[in-house]
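Trainee: Sequence:
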Amino acid sequence: MKTFLKRSISMPAIILLCTGAGAAAPLGDKNGDGKLALAEFQSAFEIRIMRADTNTDGKISLDEWKARPAAGKGERDPSKVFATLDKNNDGFLEKAEIDPMARRRMILSIQTQTA
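Residue 72 is where the sequence shown starts when you use the working numbering, and the numbers rise one by one after that.
The hints are simulated quantities; they were obtained by calculation from the structure and are not laboratory data. Honestly, I wouldn't trust all of these hints.
[Stated by the list, open to error] Distance windows between CB atoms, simulated:
id, residue 1, residue 2, range
1, 146, 103, 35 to 41 angstroms
2, 104, 161, 32 to 38 angstroms
3, 102, 146, 24 to 30 angstroms
4, 145, 104, 19 to 25 angstroms
5, 117, 138, 16 to 22 angstroms
6, 162, 184, 15 to 21 angstroms
7, 138, 185, 17 to 23 angstroms
8, 105, 147, 30 to 36 angstroms
9, 146, 101, 21 to 27 angstroms
10, 105, 154, 37 to 43 angstroms
[What the hints assert, rightly or not] With a Cα cut of at most 20 angstroms, we get these calculated PhoX-like pairs of lysine-lysine:
id, residue 1, residue 2
11, 166, 137
12, 151, 130
13, 101, 130
14, 137, 158
15, 151, 137
16, 106, 130
We put the CB at the ideal spot given by N, CA and C, even for glycine.
Throw the hints in and build the complete structure from the sequences for me.
Mentor: Quick look at the structure:
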């Protein structure tokens, strides 16, 4: 998981997103409070992940997942990662499967920051 996390978005970027460290408000801070709430993080994460939805049907197929720019850059097989994320085994990633993934990423970034 850590390798996948590091390959997807750098830890310093996640820390800046979550804490609001730096001069500017964190990317995705919709309410302008200078902090990134879980819902804001999930929204920004979903937008980034859904870029892989090239046919704009609201879900990501395995072919779309494997065709995204980040696929194949890590040590993990994109097909295996997809199978792990596809919790309902319907062959697609949908919002209901992306939100928990974003939540885990945010928790991991906070744990890493405080460690």
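Trainee: Given the hinted pair residue 166 and residue 137, is their Cα-Cα distance within 20 angstroms?
Mentor: Roughly 18 angstroms separates the two Cα atoms, so the pair holds.
Trainee: Can you let me know if the beta-carbon spacing of residue 105 and residue 154 is within 37 to 43 angstroms?
Mentor: Holds, at about 38 angstroms.
Trainee: Given the hint of 21 to 27 angstroms, is the C-beta distance from residue 146 to residue 101 inside that range or not?
Mentor: violated, 34 angstroms
Trainee: Return holds or violated for the Cβ distance of residue 146 and residue 103 against the range 35 to 41 angstroms.
Mentor: holds, 38 angstroms
Trainee: Per the hint of 30 to 36 angstroms, is the separation of the Cβ atoms of residue 105 and residue 147 within bounds?
Mentor: Holds, since residue 105 and residue 147 (Cβ atoms, about 34 angstroms apart) stay within the stated range.
Trainee: Take a quick look at whether residue 137 and residue 158 sit within 20 angstroms of each other, Cα to Cα.
Mentor: holds, 17 angstroms
Trainee: Residue 106 and residue 130 were given as a pair; does the straight-line alpha-carbon distance stay at or below 20 angstroms?
Mentor: Roughly 29 angstroms separates the two Cα atoms, so the pair is violated.
Trainee: Starting from the range 15 to 21 angstroms, see whether the pair residue 162 and residue 184 falls in it by beta-carbon distance.
Mentor: violated, 35 angstroms
Trainee: Regarding residue 138 and residue 185, is the given constraint of 17 to 23 angstroms on their beta-carbon distance met?
Mentor: violated, 36 angstroms
Trainee: Range hint 32 to 38 angstroms: satisfied by the CB atoms of residue 104 and residue 161?
Mentor: holds, 37 angstroms
Trainee: Given a hinted range of 16 to 22 angstroms, is it respected by the beta-carbon distance of residue 117 and residue 138?
Mentor: holds, 18 angstroms
Trainee: Between residue 102 and residue 146, is the Cβ distance one that fits in 24 to 30 angstroms?
Mentor: violated, 37 angstroms
Going down the numbered hints, you'll see the structure goes against 3, 4, 6, 7, 9, 13, 16, while the others check out.
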